[in-house]
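S.K.: Position chain Z against the provided structure of chain V, taking the given hints into account.
Note that the protein sequences, when read in sequence, are chains V and Z. Per my numbering, the very first residue in the first sequence carries number 83; after that it's consecutive. Per my numbering, the very first residue in the second sequence carries number 83; after that it's consecutive.
A portion of the hints provided could be inaccurate.
[What the hints assert, rightly or not] Straight line, CA to CA, 30 Å or less: simulated DSSO-like cross-link-like pairs of lysine-lysine:
| # | chain 1 | residue 1 | chain 2 | residue 2 |
| --- | --- | --- | --- | --- |
| 1 | Z | Lys123 | Z | Lys171 |
| 2 | V | Lys516 | V | Lys123 |
| 3 | V | Lys426 | Z | Lys343 |
| 4 | Z | Lys375 | Z | Lys123 |
| 5 | V | Lys449 | V | Lys516 |
| 6 | V | Lys322 | V | Lys343 |
| 7 | Z | Lys326 | V | Lys330 |
| 8 | V | Lys426 | Z | Lys330 |
| 9 | Z | Lys531 | V | Lys322 |
| 10 | V | Lys171 | Z | Lys521 |
| 11 | Z | Lys449 | Z | Lys521 |
| 12 | Z | Lys375 | V | Lys322 |
| 13 | V | Lys531 | Z | Lys375 |
| 14 | Z | Lys516 | Z | Lys426 |
| 15 | V | Lys343 | Z | Lys531 |
| 16 | Z | Lys531 | Z | Lys426 |
| 17 | V | Lys326 | V | Lys343 |
| 18 | Z | Lys277 | Z | Lys330 |
| 19 | V | Lys531 | Z | Lys322 |
| 20 | V | Lys322 | V | Lys361 |
| 21 | Z | Lys361 | V | Lys330 |
| 22 | Z | Lys322 | Z | Lys375 |
| 23 | V | Lys343 | Z | Lys426 |
| 24 | Z | Lys361 | V | Lys531 |
| 25 | Z | Lys375 | V | Lys426 |
| 26 | Z | Lys449 | V | Lys123 |
| 27 | V | Lys375 | V | Lys123 |
| 28 | V | Lys322 | V | Lys375 |
| 29 | Z | Lys521 | V | Lys375 |
| 30 | V | Lys442 | V | Lys426 |
| 31 | V | Lys521 | Z | Lys322 |
| 32 | V | Lys426 | V | Lys521 |
| 33 | Z | Lys531 | Z | Lys516 |
| 34 | Z | Lys361 | V | Lys426 |
| 35 | V | Lys123 | Z | Lys521 |
[What the hints assert, rightly or not] Looking from chain V toward chain Z, a few residues come up when the C-beta cut is under 8 Å (computed):
| # | residue |
| --- | --- |
| 36 | Leu89 |
| 37 | Ile161 |
| 38 | Ala244 |
| 39 | Ala249 |
| 40 | Asn267 |
If you are wondering where the hints come from, they were derived from the structure by calculation, not from laboratory data. Quick reminder that beta carbons are idealized off the backbone N, C-alpha and C, glycines included.
2 protein chains.
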Amino acid sequence: MLEHSGLLTDLYELTMAAGYLQTRFDARATFELFVRHLPAKRNYLVAAGLEQALDFLEHVHFTTDDISYLRRHPVFCNIRDEFFDYLAKFRFTGDVWATPEGSLVFPGEPMLRVVAPIIEGQIMETYLLATLSYQTMIASKAARVVTAAHGRQILEFGARRAHGSEASLLAARAAAIGGCEGTSNVLAGHQFGMKTYGTQAHSWVMAHENETEAFRHFLDAFPTHSVLLLDTYDVHRALKTIIKMGRKPAGVRLDSGDLAKDSRWVRRELDRAGWTDVKIFASGDLDEYRITKLLAQDAAIDAFGVGTSLATPGDAPHLNLIYKLVEVERAGEIREAAKLSAAKVTYPGRKQVFRYSNSKGQYLSDKIALEGEPANGGEPMLIEVMRAGQRVAPAESISVLRGRCITSLAQLPRPFLQINRTAVYPVRYSQRLKTMLEKVRRRVRRAAKK
Amino acid sequence: MLEHSGLLTDLYELTMAAGYLQTRFDARATFELFVRHLPAKRNYLVAAGLEQALDFLEHVHFTTDDISYLRRHPVFCNIRDEFFDYLAKFRFTGDVWATPEGSLVFPGEPMLRVVAPIIEGQIMETYLLATLSYQTMIASKAARVVTAAHGRQILEFGARRAHGSEASLLAARAAAIGGCEGTSNVLAGHQFGMKTYGTQAHSWVMAHENETEAFRHFLDAFPTHSVLLLDTYDVHRALKTIIKMGRKPAGVRLDSGDLAKDSRWVRRELDRAGWTDVKIFASGDLDEYRITKLLAQDAAIDAFGVGTSLATPGDAPHLNLIYKLVEVERAGEIREAAKLSAAKVTYPGRKQVFRYSNSKGQYLSDKIALEGEPANGGEPMLIEVMRAGQRVAPAESISVLRGRCITSLAQLPRPFLQINRTAVYPVRYSQRLKTMLEKVRRRVRRAAKK
Numbered sequence: 083m084l085e086h087s088g089l090l091t092d093l094y095e096l097t098m099a100a101g102y103l104q105t106r107f108d109a110r111a112t113f114e115l116f117v118r119h120l121p122a123k124r125n126y127l128v129a130a131g132l133e134q135a136l137d138f139l140e141h142v143h144f145t146t147d148d149i150s151y152l153r154r155h156p157v158f159c160n161i162r163d164e165f166f167d168y169l170a171k172f173r174f175t176g177d178v179w180a181t182p183e184g185s186l187v188f189p190g191e192p193m194l195r196v197v198a199p200i201i202e203g204q205i206m207e208t209y210l211l212a213t214l215s216y217q218t219m220i221a222s223k224a225a226r227v228v229t230a231a232h233g234r235q236i237l238e239f240g241a242r243r244a245h246g247s248e249a250s251l252l253a254a255r256a257a258a259i260g261g262c263e264g265t266s267n268v269l270a271g272h273q274f275g276m277k278t279y280g281t282q283a284h285s286w287v288m289a290h291e292n293e294t295e296a297f298r299h300f301l302d303a304f305p306t307h308s309v310l311l312l313d314t315y316d317v318h319r320a321l322k323t324i325i326k327m328g329r330k331p332a333g334v335r336l337d338s339g340d341l342a343k344d345s346r347w348v349r350r351e352l353d354r355a356g357w358t359d360v361k362i363f364a365s366g367d368l369d370e371y372r373i374t375k376l377l378a379q380d381a382a383i384d385a386f387g388v389g390t391s392l393a394t395p396g397d398a399p400h401l402n403l404i405y406k407l408v409e410v411e412r413a414g415e416i417r418e419a420a421k422l423s424a425a426k427v428t429y430p431g432r433k434q435v436f437r438y439s440n441s442k443g444q445y446l447s448d449k450i451a452l453e454g455e456p457a458n459g460g461e462p463m464l465i466e467v468m469r470a471g472q473r474v475a476p477a478e479s480i481s482v483l484r485g486r487c488i489t490s491l492a493q494l495p496r497p498f499l500q501i502n503r504t505a506v507y508p509v510r511y512s513q514r515l516k517t518m519l520e521k522v523r524r525r526v527r528r529a530a531k532k
Numbered sequence: 083m084l085e086h087s088g089l090l091t092d093l094y095e096l097t098m099a100a101g102y103l104q105t106r107f108d109a110r111a112t113f114e115l116f117v118r119h120l121p122a123k124r125n126y127l128v129a130a131g132l133e134q135a136l137d138f139l140e141h142v143h144f145t146t147d148d149i150s151y152l153r154r155h156p157v158f159c160n161i162r163d164e165f166f167d168y169l170a171k172f173r174f175t176g177d178v179w180a181t182p183e184g185s186l187v188f189p190g191e192p193m194l195r196v197v198a199p200i201i202e203g204q205i206m207e208t209y210l211l212a213t214l215s216y217q218t219m220i221a222s223k224a225a226r227v228v229t230a231a232h233g234r235q236i237l238e239f240g241a242r243r244a245h246g247s248e249a250s251l252l253a254a255r256a257a258a259i260g261g262c263e264g265t266s267n268v269l270a271g272h273q274f275g276m277k278t279y280g281t282q283a284h285s286w287v288m289a290h291e292n293e294t295e296a297f298r299h300f301l302d303a304f305p306t307h308s309v310l311l312l313d314t315y316d317v318h319r320a321l322k323t324i325i326k327m328g329r330k331p332a333g334v335r336l337d338s339g340d341l342a343k344d345s346r347w348v349r350r351e352l353d354r355a356g357w358t359d360v361k362i363f364a365s366g367d368l369d370e371y372r373i374t375k376l377l378a379q380d381a382a383i384d385a386f387g388v389g390t391s392l393a394t395p396g397d398a399p400h401l402n403l404i405y406k407l408v409e410v411e412r413a414g415e416i417r418e419a420a421k422l423s424a425a426k427v428t429y430p431g432r433k434q435v436f437r438y439s440n441s442k443g444q445y446l447s448d449k450i451a452l453e454g455e456p457a458n459g460g461e462p463m464l465i466e467v468m469r470a471g472q473r474v475a476p477a478e479s480i481s482v483l484r485g486r487c488i489t490s491l492a493q494l495p496r497p498f499l500q501i502n503r504t505a506v507y508p509v510r511y512s513q514r515l516k517t518m519l520e521k522v523r524r525r526v527r528r529a530a531k532k
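Isolated chain V (complex conformation) (with noise of 0.2 Å):
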């Protein structure tokens, strides 16, 4: 399904990956991937994505016909064939270390880092954004309906919704390593191997003559997977029906209306009739914010199908990592890079997150430090997961990566997992990197005066 196009990055990539060639700048460069700040209304990120990221950089090629639509562009009408012989050859060769997915991930701290020579790092940049931050927030938000949804089961069912086919099968996996027990979403199930759901749609009752030849033709193609949708025409009439006809579904789906009241009805109808075991199942626009006010009003929902806020969230509809150089070895000399500007400061120098939790195994804070700093109890965030464009290690099953997040959250306070609360999670940066950033200001100021 993903391609591995080289061509799949912003044209400034390969301008500047042109210009180090051009002007012989050789040199190896650390790149960190970040968040500065989290989206409103969320207190953690769960990393995810790192998978299709680790794919991309083991695969990544330029064809002859890529190449050759370079050669036409006229931006590059200047540039030596060297560059082109290059991206003929080229290969991702670097170092990498990561989060690994499923773990909990705060502001500043770096969920991937890219060591490799520069022109390679700054050709990966594009698509290590959009694939990381795409499943990061999509996952983020999953553990959030999850949480919301207090044991009841959570289907992702975002296909529609989701911007493309590729990113349905991405929003399917990211939601499943969020704690989403399975999707609607078919390709996703092959893929990735998650259990799929489905139920009907109106148009199926609206084909029929009535409701009464729609639930038994569906009952006889499905006997014990019927999940029969009761608001086509009115829910009280079609439930009835179902009850009238004697043959039990497995479940019975409201889509729209009153979601409490018609879904406390329907099972005191359905436990009426001696059908205790027939699950009630919910959809339509729901989130962790409705599905919080449907549990507070006793809502007899077992199971929650939700699209949109899963493929494509409301309250935070982007993520801003960055990707941003800190460190430039040259010419046998090692120097850190940290922006500046005012509003948009990054700290220099190869880092490590350690976690620190108490005796219970609960998280209380974490530090952003220099690589090879000491980690003084604290759990290292970041571990190596490819080596000289190799993968150290092989990919990880979703339900490993969905383990993962439910163990992580277990061991996050209460506070943060409040879902109409912020609290922030206290992350502090070492002595050592606040010093290498003053270092790196007074260097800038100094070589601006020259």
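M.R.: Using the frame of chain V, we list chain Z on its own:
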């Protein structure tokens, strides 16, 4: 890039397909795709995504591997081989009418109509919704951003914020349909024949010893195409460095800070140096609101790079497109279908949309009518695009689609083009449609009493 797997769908589309076959429900169905309401702050939509929709309809199929995956799925345990044999030969054979890309669309108006064997129409639902809703959302946003820029260039820079790489390509395409002049996305440029643009990143400046070296190297590599980035450390210092070097770049870029004030200062300094033709680019969380504000503050900006808001618009992060069954033809009998649940009524029957203009070509109002109703001088918006699974015309180029959008917006009266004010374009339903809805309502009531 876009694959054509039949598994790119929600599971319920396939269970309904199996159900129709298993119960010998042999019907030809008409589905229509439309929005009920516009997202907040939108006065119109720009149709986009049809090309990818038709490409999918022409090529969708199930592989042997897809089918064996479905055979193993527990939900199909009771389904006869007939269904899997059907999928092995599956091709879309229906007829499609649609609003051409770049045209304006309003709530309730079908953008696409599928007439096909009911199983085919059903399986296509998920893909059609995803591809048309995303591109329509982006083209509509782009039209607003372009309108706000009053003739200044808008470039789409959203690849890193898109929901994966396919989404980035679709965003670039849709943004161009909505009026953008180009994209930073290299693969989009190659695939869709669009102009691509790029400057340099902060990392280029940070990687070098100082800004003098950074700018000099870039000008060496790109003597006629350099756009130099000013805000890595300090805008004033950076511009003075460039002017002192005495080598004129093609442009400069501001990516943070007070863009209005800084751009005016930069323009003054450039002009003072005699560099009146050096262009000023701006970027950094721009959208139609910020651009409007910047121009009101006399910002001296020639071109805007717009990223996040053209990949995943924050003010309207999704479009609630729906795909509804409106007619079923079964055993020679035609029956109109409608959804009647309180909050979500849909009109039955195959529709056409007529657009009425005044003598100057300005749009006045639209009428949603039944197919075959007299136009009375209105322009029919839906045209035939596919017959029996084959396209009836070749794909249109992006520049044709962009031209159609620009022409359509020029025909839309001013109040609807305002960025910050809602104005409701008049759309009415024909009397025959209203009568038909009542007919369906009575029929459903009668059927329920049987």
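S.K.: Which earlier hints can't be squared with this structure?
M.R.: 1, 7, 10, 12, 13, 21, 26, 29, 30 and 35
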